[in-house]
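**Student:** Here the protein sequences come in this chain order: E and F.
According to the working numbering, the first sequence is numbered sequentially starting from 40.
According to the working numbering, the second sequence is numbered sequentially starting from 40.
Hints were generated in silico from the structure; no laboratory data involved.
Hints may contain errors.
Below, a list of computed lysine-lysine pairs in the BS3-like style, where the Cα atoms sit at most 25 Å apart [unchecked claim]:
| # | chain 1 | residue 1 | chain 2 | residue 2 |
| --- | --- | --- | --- | --- |
| 1 | E | 68 | E | 108 |
| 2 | E | 248 | F | 108 |
| 3 | E | 108 | E | 98 |
| 4 | F | 108 | F | 68 |
| 5 | E | 199 | E | 248 |
| 6 | E | 199 | F | 68 |
| 7 | F | 68 | F | 98 |
| 8 | F | 248 | F | 199 |
| 9 | E | 248 | F | 199 |
There are 2 protein chains.
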Amino acid sequence: MTKKHATSKFMETDPPKKPSRIQQRNRRKILDAALDVFSAQGYRGATLDQIAETAGLSKPNILYYFGGKEEIHITLLNQLMETWLDPLVEMSADGDPLEELLSYVQRKLDMARDLPRESRLFANEILQGAPRMGPHLESHLKPLFDEKCTLIQGWIDHGKLAEIDPRHLLFSIWSTTQHYADFEAQVHVLLATTGAEHADEYLQTLFTKLLTPAR
Amino acid sequence: MTKKHATSKFMETDPPKKPSRIQQRNRRKILDAALDVFSAQGYRGATLDQIAETAGLSKPNILYYFGGKEEIHITLLNQLMETWLDPLVEMSADGDPLEELLSYVQRKLDMARDLPRESRLFANEILQGAPRMGPHLESHLKPLFDEKCTLIQGWIDHGKLAEIDPRHLLFSIWSTTQHYADFEAQVHVLLATTGAEHADEYLQTLFTKLLTPAR
DNA sequence: GGGTTACTTTACCAAATGGTAAAAAAACTT
DNA sequence: AAGTTTTTTTACCATTTGGTAAAGTAACCC
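Starting from the given sequences, assemble the full structure and let the hints guide the process.
**Tutor:** Structural data, given as C-alpha cells:
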C-alpha cells in the first residue's frame, strides 16, 4: 500500500486531493503542540512523546500525519519564515522613511509579544547554526535583506535619514525587539513584571534619535 | 570508600587538598569540550559521548571527574556568570557617564566576539527558561542590575544623559552586542563576511545618539 | 447495510544515551 | 622496589526515544 517515495504521505503530487477535516484539524493540533515544545526545549530537547501528549494524540498517530520529528520541525520553520518576514516586506518605498522604519520597529515588537513561541523557535534554530534553515536564509532572507538595505541606503542618500549602516540597523532592530521574547526568562526576573512594559516607548525613542538626520 | 553525599567527589569540604596536575588539566579539558558542545547543541542536544570525544577522553573517565552531565553544565554556567557580568561591574560612578556607558558597550561587544561560545551557552540557557540558572539570575544578576540602573538614573537626573529608561537601555545594550555572537549563523549569511565588520562604529553611534542629552 | 477508505491504537524494536562496577594501568610515596 | 593511591579502561545496564507493523475502529460512499 505504500506508494511513492515521498518524505511524507502528504507530500505526494499526483492526486492533489484536499485534506479532510480531520486531517486539517489534527495537523494543526500537532503543529501547535510542536511549536510549544520545540520553542521551549529546542529541537533535540523536544520529544515526540511530549508533542503527542501536548497535542492530545498518540505518538504513532502523530507519525501518521508527519513523516517524522524532523519533518514536523521543518514544516514549522517553513510556515514561520513567511509570517516572520512579513513586517519587513511591508516596509515600502512609499511613505515617509522615518515613519516606515519606526512602524516596522513597532510591528516587529508587537510580533515578539504576540508570537513569542515563534520567536524562540527561530532563535533556537539560528543559535544551533541554522542546520535546517541555512538554505532558506540564503534564498528567502538574503534577497529581502539586500533589497531593504538598498531601499534604506537610498533614503539616507536623499538625506531623509541619518547616515548609518542599514545592515547593522536591521540587526539592531531585530535584536532589540526579539530580545523581549527570546530572553523573557531574564527580562521577567529583572523587571519583575510580565514583560516589556515601556519597551514600545523606549525603542521608538531609540530609533527616532538614531535615524533622525542632523539638519 | 564513598564518603559524604556531596554532588561530586570534588565538592567535599573536609580535606580541601588541592587537585593534582592531572585533575586540573583534565577538568579543564572537559569543561572546554563541554563549552564547545553545550554552546553548539544546547543542553539536551549535547551528549556525553560528544563531550568525551571532543575532550579526548573516554566517557567513564569524564564521569570520574564530574558527577554527571548536569554537573558539568552547572559548573560551566557558574564559571560563566562571573566573567559575563564583569564588564557591567566595571562601569563605575567615577568618570564621565557617557564615556562609561560607551566603553561598557564596547567591552560587551568585544566579549561577544572573543567569547561567542559563552554567549551562546548563556543564550541557550535563557531561551529554555533558565532552568538551571533562575536562582543565579535572582541572586547575582538582579542586584547588580538594580544597582547599575540606579547609577544610570542618577546620571540622568543630573542631566548627564538623555532621559531614557535605564532598564531598557541595558536590555538594548545586551541584545545588540550579543546578537553578533548568538545569531552569527544569520549574520554570516547576510553580511557574507565573518562577522561584525563595522558593528563597533555602528553601536557607538547608536548609543551616542541615544544617550547624548539634548542641551 | 456492505464495502472501501481514513484514522487510531496496541504492541513492539533498535539505537542512543546517561550512568555504573570493577578490573587494569599509571602515578606517587616511602 | 613495594605498596598505596589516583586515573583509565573494559564491559555492561536501564531508560529514553524515534520509529514501525499490524490489527482494530470509525467515516465515508454507494
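**Student:** Would you list, in rising numerical order, the hints stated earlier that this structure does not obey?
**Tutor:** 2, 6
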